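> Start from the sequences and build out the full structure, keeping to the hints where you can.
Protein chains in written order, with the UniProt record's numbering: chain E, 1 to 261; chain W, 1 to 261.
Each hint should be verified, as a subset may be incorrect.
Same chains, same names: a pair is fine if it fits in one copy or spans any two.
[Unchecked claim] In silico DSS-like cross-links for lysine-lysine, where the CA-CA straight-line distance does not exceed 30 Å:
(1) K163 x K44
(2) K250 x K117
(3) K53 x K206
(4) K163 x K206
(5) K190 x K117
(6) K65 x K53
(7) K44 x K117
(8) K44 x K65
(9) K117 x K65
(10) K53 x K70
Quick caveat, the hints were computed from the structure, so don't treat them as lab data. The structure displayed is predicted, hence computed values, not measured ones.
Protein chains: 2
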Amino acid sequence: MCQLMGMSANVPTDARFSFTGLVERAGRTDIHKDGWGLLFYIGKGVQEFRDLKAGSECDVANFLKQQCIKSNIVVSHIRQANVGALTLENTHPFRRELWGQNWGFAHNGQLEGIHDKLPLGRYLPVGTTDSEHIFCWLLDQIHQAFPHPPSDPQTLYAFIYEKRQYLHDFGVCNFLLSDGDVLIAHCSNKLQWVTRRAPFGPALLKDLDFSVDFSAETTPNDVVTVLATEPLTTNEIWTKMTPGDMLVFKAGEIIGEFVSR
Amino acid sequence: MCQLMGMSANVPTDARFSFTGLVERAGRTDIHKDGWGLLFYIGKGVQEFRDLKAGSECDVANFLKQQCIKSNIVVSHIRQANVGALTLENTHPFRRELWGQNWGFAHNGQLEGIHDKLPLGRYLPVGTTDSEHIFCWLLDQIHQAFPHPPSDPQTLYAFIYEKRQYLHDFGVCNFLLSDGDVLIAHCSNKLQWVTRRAPFGPALLKDLDFSVDFSAETTPNDVVTVLATEPLTTNEIWTKMTPGDMLVFKAGEIIGEFVSR
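Here's what the structure looks like:
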């Protein structure tokens with residue numbers, strides 16, 4: 001299995017604190033040491049970092065912990081390999097262009113029998129993970145249904161929710177998906193989130209004796225949502241997503257809520 | 001204008017020396033300070049680094065100068081913006097997936113009137129550069145002609161050469177293109193290369209008082225070709241490509257030579 005971390009914010013925000021907690025789980029406090037990756041969405045562009053080394057012992061990850069890179073959306077992943085060899089092309093997040101947008105995808109879970117049932121089209125996997133396969137399949141499905149971006153984005157989110165129900169039948173499929181505008185989070189069995197807004201206070205990492213006082217780092221209008229497979233902090237209240245639900249975050253706020261009940 | 005740097009080697013090779021020389025030109029010895037990028041091809045995967053800051057003063061670039069990341073193919077670029085704003089999505093190299101392979105592209109030059117004459121299809125630019133436009137156009141042309149990879153790759157290289165002649169009519173179009181297997185170099189007016197092989201000796205950077213003795217870093221069978229807009233070293237003989245020519249490098253050796261004479 002793997003772990004996910006995502007961020008959606010209404011101002012360019014430094015995600016080091018969350019990333020620092022996450023990569024502790026990549027070999028130190030947990031076993032997700034088979035590579036990691038992180039996408040910072042900045043404007044329409046993406047600044048991407050990934051490495052095959054365990055995140056907790058990796059020079060690139062250590063460097064990122066020191067770098068103040070501010071972005072509105074982050075998608076990150078630490079891997080514990082099950083399907084697919086320990087290679088760079090099998091590290092998440094995966095990335096493809098659709099409609100001239102950078103789409104990024106990271107997955108936690110395992111899916112059975114997808115290769116026959118989910119035929120590929122426009123997008124082909126570079127690596128051998130089930131995760132990249134479903135990402136390619138999903139983007140192709142989107143492109144078939146919407147050769148151009150729909151005028152009402154909610155139509156798109158509803159379509160993705162319908163498709164994810166189909167994916168859900170093949171196994172565990174927690175994912176983070178972004179087009180650079182919104183961050184879409186689907187919970188198959190495990191995904192949680194917390195929104196930070198004024199009044200900001202201190203936050204304490206769960207995996208490391210490290211805290212940040214966000215009141216010193218933010219302005220009163222900032223809204224920052226962080227998502228993770230398991231809570232990254234001990235002194236905040238994280239909301240557990242209900243299995244089967246999908247949330248769409250934009251600028252830190254929920255703008256789409258798709259529930260299975 | 002911009003500057004290009006590429007590497008093709010028969011063993012995973014550390015490209016720090018060349019990168020160190022290149023990024024000096026990104027604000028210190030030359031004016032290419034509008035962002036930079038570098039793709040390391042490792043297996044089928046790509047480790048990508050890019051930043052909008054001037055390469056000579058950028059933390060990410062400085063970090064890379066200290067990191068021994070070994071790969072068989074490198075595509076790198078330092079930008080001096082002309083067409084397209086100073087944004088992350090306009091930094092080269094650009095990357096798209098074709099046939100389940102990571103294709104990377106970096107361009108030096110400027111093309112006029114391409115938007116009408118080079119219609120896009122399967123791939124759309126994320127940014128606003130002429131460079132990303134021609135990359136998207138070229139990949140779409142390849143995909144139209146070869147829905148699947150041709151059994152004889154020389155057919156593909158000949159096709160790319162034919163298309164680049166068409167591009168050449170729109171202006172200056174020096175480029176590096178890779179599918180992770182080969183490195184394709186096209187010279188419109190300025191591109192040079194040097195191949196290092198046994199007996200290896202010292203090399204001295206042109207832009208910085210820095211040398212490496214490659215005999216201490218290599219084995220007798222290593223073959224490493226470095227390409228650059230302008231020679232990166234002062235004590236080696238660089239071969240100037242003839243305008244209109246295209247070379248295909250694999251494992252450091254030329255495996256395809258397309259000439260306009």
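> Is the C-alpha distance from K53 to K206 at most 30 Å within one copy, between copies, in both cases, or in neither?
Classified as within: same-chain Cα gap 22 Å, cross-chain 34 Å, threshold 30 Å.
> If the cut is 30 Å between Cα atoms, do K44 and K65 qualify within a copy, between copies, both or neither?
Both, since 23 Å and 27 Å are each at most 30 Å.
> As a check of your reading, is K163 near K44 (CA-CA no more than 30 Å) within one copy, between copies, both or neither?
The answer is both: 25 Å in one copy and 29 Å across copies each meet 30 Å.
> 30 Å Cα cut-off: does K65 pair with K53 within a copy, between copies, both or neither?
both (15 Å within a copy, 19 Å between copies)
> Between the shortest in-copy and the shortest cross-copy C-alpha distance, which are at most 30 Å for K44 and K117: within, between, both, or neither?
For K44 and K117, the Cα distance is within 30 Å only across copies (25 Å; inside one copy 33 Å).
> Can you give me the call for K53 and K70, within, between, both or neither, at a CA distance of at most 30 Å?
Close inside one copy (24 Å) and across copies (14 Å); limit 30 Å.
> Evaluate K250 and K117 at a C-alpha cut-off of 30 Å and name the case that applies: within, between, both or neither.
neither (32 Å within a copy, 37 Å between copies)
> Given a CA cutoff of 30 Å, do K117 and K65 count as a within-copy pair, a between-copy pair, both, or neither?
Cα proximity of K117 and K65: none, with 41 Å in one copy and 46 Å across.
> Can you give me the call for K190 and K117, within, between, both or neither, at a CA distance of at most 30 Å?
within (25 Å within a copy, 50 Å between copies)
> If the cut is 30 Å between Cα atoms, do K163 and K206 qualify within a copy, between copies, both or neither?
Answer is neither; intra-copy 34 Å and inter-copy 55 Å both fail.
Hint check: violations occur at hints 2, 4 and 9; the rest are consistent with the structure.
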